[in-house]
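Engineer: Put together the whole structure using the sequences plus the hints.
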Amino acid sequence: MFKAKLIISVSLFFTLLVVTSVIKNQTRIIEKKIVNLKVNVLNKKNVINEAQLDFHYLSSPSELEKKINIIGFKKYQPIKHSNIFYSFHDFSKLQNKISKLKDK
Amino acid sequence: MKNNSKKKKNKNQISFYFEDYNETNKKNKILKKTNNIQDRMYLLFFFFFSLILIFSIKITYISLDQKNILNKEKYSSQFTLIRRDIVDRNGVIISRNINTFHAAIDPKLVKDKSNFLIKLRLNFPELPIQEIEKKLNEKKYFRIKKRISQIEKDKFWSMGEKAIKFEPFQARMYTHGQLFSHIIGQVDYDNYGISGLEKYFDKELKDKKQLHEPLKLTLDSNIQHIINTELNEAVKTFNASGGGALLLDVNSGDIISLVSLPNFNINQRTSIKDEKYINKITKGIYELGSIFKTFTLALALDHNLVNANTIIQNIPRKIRCSIHEITDIKEHPKNLSVEEILIRSSNVGSVLLAKKVGVEKYKNFIKETNLTKNPEIELTEVGVPHQIKWNRCKLETISFGHGITTTPLQATALYAAMSNGGKLIKPSLIKDRKMKKPKKIISTDTSNKINAILRKVVTSKHGTASLADKDGYLIGGKTGTAESYGDKKNRINSFISVFPTNKPNYTLFIMLENPKINKDLIYNYRGIKTKAPLNTSGWNSVFVAGKIIEKIGPILAINNDEFTDLYVAEKFN
Chain A
1 MFKAKLIISV
11 SLFFTLLVVT
21 SVIKNQTRII
31 EKKIVNLKVN
41 VLNKKNVINE
51 AQLDFHYLSS
61 PSELEKKINI
71 IGFKKYQPIK
81 HSNIFYSFHD
91 FSKLQNKISK
101 LKDK
Chain B
1001 MKNNSKKKKN
1011 KNQISFYFED
1021 YNETNKKNKI
1031 LKKTNNIQDR
1041 MYLLFFFFFS
1051 LILIFSIKIT
1061 YISLDQKNIL
1071 NKEKYSSQFT
1081 LIRRDIVDRN
1091 GVIISRNINT
1101 FHAAIDPKLV
1111 KDKSNFLIKL
1121 RLNFPELPIQ
1131 EIEKKLNEKK
1141 YFRIKKRISQ
1151 IEKDKFWSMG
1161 EKAIKFEPFQ
1171 ARMYTHGQLF
1181 SHIIGQVDYD
1191 NYGISGLEKY
1201 FDKELKDKKQ
1211 LHEPLKLTLD
1221 SNIQHIINTE
1231 LNEAVKTFNA
1241 SGGGALLLDV
1251 NSGDIISLVS
1261 LPNFNINQRT
1271 SIKDEKYINK
1281 ITKGIYELGS
1291 IFKTFTLALA
1301 LDHNLVNANT
1311 IIQNIPRKIR
1321 CSIHEITDIK
1331 EHPKNLSVEE
1341 ILIRSSNVGS
1351 VLLAKKVGVE
1361 KYKNFIKETN
1371 LTKNPEIELT
1381 EVGVPHQIKW
1391 NRCKLETISF
1401 GHGITTTPLQ
1411 ATALYAAMSN
1421 GGKLIKPSLI
1431 KDRKMKKPKK
1441 IISTDTSNKI
1451 NAILRKVVTS
1461 KHGTASLADK
1471 DGYLIGGKTG
1481 TAESYGDKKN
1491 RINSFISVFP
1501 TNKPNYTLFI
1511 MLENPKINKD
1521 LIYNYRGIKT
1531 KAPLNTSGWN
1541 SVFVAGKIIE
1551 KIGPILAINN
1561 DEFTDLYVAE
1571 KFN
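Same order as they appear, the protein sequences are chains A and B.
Here the first sequence is numbered in my numbering, starting from 1 and rising by one per residue.
Here the second sequence is numbered in my numbering, starting from 1001 and rising by one per residue.
It is worth saying that the hints were derived from the structure and are not from the lab.
Among the hints, a few may not be true.
To be verified - Below, simulated PhoX-like cross-link-like pairs (lysine-lysine); rule was C-alpha separation at most 20 angstroms, straight line: (1) B:K1216 <-> B:K1426; (2) B:K1519 <-> B:K1236; (3) B:K1423 <-> B:K1361; (4) B:K1208 <-> A:K38; (5) A:K3 <-> B:K1058; (6) B:K1165 <-> B:K1206; (7) A:K32 <-> B:K1519; (8) B:K1216 <-> B:K1199; (9) B:K1361 <-> B:K1373; (10) B:K1273 <-> B:K1283; (11) B:K1437 <-> B:K1423; (12) B:K1165 <-> B:K1140; (13) B:K1119 <-> B:K1283; (14) B:K1423 <-> B:K1434; (15) A:K45 <-> B:K1206; (16) B:K1206 <-> A:K24; (17) A:K3 <-> B:K1361; (18) B:K1165 <-> B:K1111; (19) A:K45 <-> B:K1113; (20) B:K1276 <-> B:K1236; (21) B:K1140 <-> B:K1162; (22) B:K1439 <-> B:K1373; (23) B:K1135 <-> B:K1111; (24) B:K1135 <-> B:K1113; (25) A:K45 <-> B:K1208; (26) B:K1436 <-> A:K66; (27) B:K1373 <-> B:K1356.
Structural biologist: Here's what the structure looks like:
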């Protein structure tokens, strides 16, 4: 009787020890994977950050102006406000005014 | 029955006990052995129990102390940025931290020194090889190159030397180079702000709770670029020693652009001690000259001492005050209306108006507007205007902007107040900030009158700012030609414009330091091709302001119905 109890207790402890170790080991592996994924995410974020920085640098007005000069345009040409029409109605309204002035 | 008879038989029987000592000893031995085994089992049990306990404690400890196993801190410090971004009002990145490296050498790991030095010389001819050799002999760890680029890192890698170490480090990058140099400032190698906004908001920029939220500024990169380009061109055209520009939203106080020339590339760390590199808009202290005449006129109008059409009769050619002789550059008619005094920029006329206002009212005005106090802005580089000693003739000289110093920032903010209905706004570089209710310094009626007169300075035949008259933008403003305080050789030609004057939204300050007449430049002055007759603001600063407003106007989306009609009429008449 005594022996049986003892064997059960010892085997229970052994089993628990093994199970705990296995669980802990698995947890550790999973945690490592999580950390690796987190590092990957941070790495990607870092790459995105640098890409955004590059984008803002390359699309900065001075850089764009340089590119435009390479393409061949010498300068930005300011457009007079009167030449910008927000709708066809505005355009036709102006054309009517012009023709009225011509008639005069 | 048989059993009963047996019991009866044994009733008085005396029992004998014969102990077999051999057997007893045997039994005792077995018992003792069993006890020994039990003790051993207990001991074994205790041993295993202790082992399990130790393991359990260790497991618990490891589970709780994750940092050490997973080295999260190491990863996070390597990748997490330690300083917030700075963006303009459209979300365009102005400055951001990036991960980079310092290259260092551990001399103990160098196997073949001469071979190592040859490789180094081949890949990096700019490095001081002799100095490196000396350090290698000292056998102490040292940095060979700070803040290396990816290309340089790859070059170091390609050398295949174990001795080369890369120290992770975060560098601050500025996407626009020199465009915002006087505003943004710089950080040191330890990411501490040392100038500009980087210094002013050092604590906020490092706040871990807000790391993912950029610091949003009121500046506009595109407008800043246009103004910077035009001003740079103007500095070259008029052979000026420097320049400054400030574009301010008159209603909110948002600084849309702030340019000070010369500027410098903030990506390159150099110690700049030359005074010409100061922020001329916030730190420069100047006598801004005729720009102050607008304030004199506003005070006279606001106190109902005169109205715009009141004629001031018999204006003398010159006024003597103590040792000072106040005259006008040009000869003006003897009788001038109040608005004409400003349009023609008459010094003597302004003195007469100031005398009507009186010293006390003028004093209160300067006190209320904080003109001679430190400018309030989110920068550490601010100038301290000289304190006024109200002695004899002070009122007279101040009336046309002499004997009083201030920063262009304060003067522009006051022009904003003159045009926005009298509200003294606080210029700021920070978007979406909490705003206090502004103090009212003049009435809305006076402000409207001032706007109309400023427009006439540009459109009137005798106005001093005709070159800024650009169709559609209803520009108004006042010129100022003066000397730098304490340095009469240093000439300041400035122009503060307000546009569109029918409902002012913006005020633009343009300043050129020591400009010269450009003899090759042909102006289109009221339809006539001409060269500049004088080295005054009207022939340089105004010209630059007109060019700038014509370019930034469409970006600022100024819509004006009056313009369309004007343009068509002009086309066919």
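Engineer: It remains to establish, for every hint, whether it holds in the given structure.
Structural biologist: Checked hints:
no.	hint	in the structure
1	B:K1216 <-> B:K1426	17 angstroms, holds
2	B:K1519 <-> B:K1236	13 angstroms, holds
3	B:K1423 <-> B:K1361	18 angstroms, holds
4	B:K1208 <-> A:K38	19 angstroms, holds
5	A:K3 <-> B:K1058	30 angstroms, violated
6	B:K1165 <-> B:K1206	28 angstroms, violated
7	A:K32 <-> B:K1519	74 angstroms, violated
8	B:K1216 <-> B:K1199	16 angstroms, holds
9	B:K1361 <-> B:K1373	18 angstroms, holds
10	B:K1273 <-> B:K1283	14 angstroms, holds
11	B:K1437 <-> B:K1423	9 angstroms, holds
12	B:K1165 <-> B:K1140	13 angstroms, holds
13	B:K1119 <-> B:K1283	49 angstroms, violated
14	B:K1423 <-> B:K1434	16 angstroms, holds
15	A:K45 <-> B:K1206	19 angstroms, holds
16	B:K1206 <-> A:K24	38 angstroms, violated
17	A:K3 <-> B:K1361	109 angstroms, violated
18	B:K1165 <-> B:K1111	15 angstroms, holds
19	A:K45 <-> B:K1113	40 angstroms, violated
20	B:K1276 <-> B:K1236	16 angstroms, holds
21	B:K1140 <-> B:K1162	15 angstroms, holds
22	B:K1439 <-> B:K1373	16 angstroms, holds
23	B:K1135 <-> B:K1111	15 angstroms, holds
24	B:K1135 <-> B:K1113	12 angstroms, holds
25	A:K45 <-> B:K1208	17 angstroms, holds
26	B:K1436 <-> A:K66	42 angstroms, violated
27	B:K1373 <-> B:K1356	26 angstroms, violated
The structure is inconsistent with the numbered hints 5, 6, 7, 13, 16, 17, 19, 26 and 27, although it conforms to all the rest.
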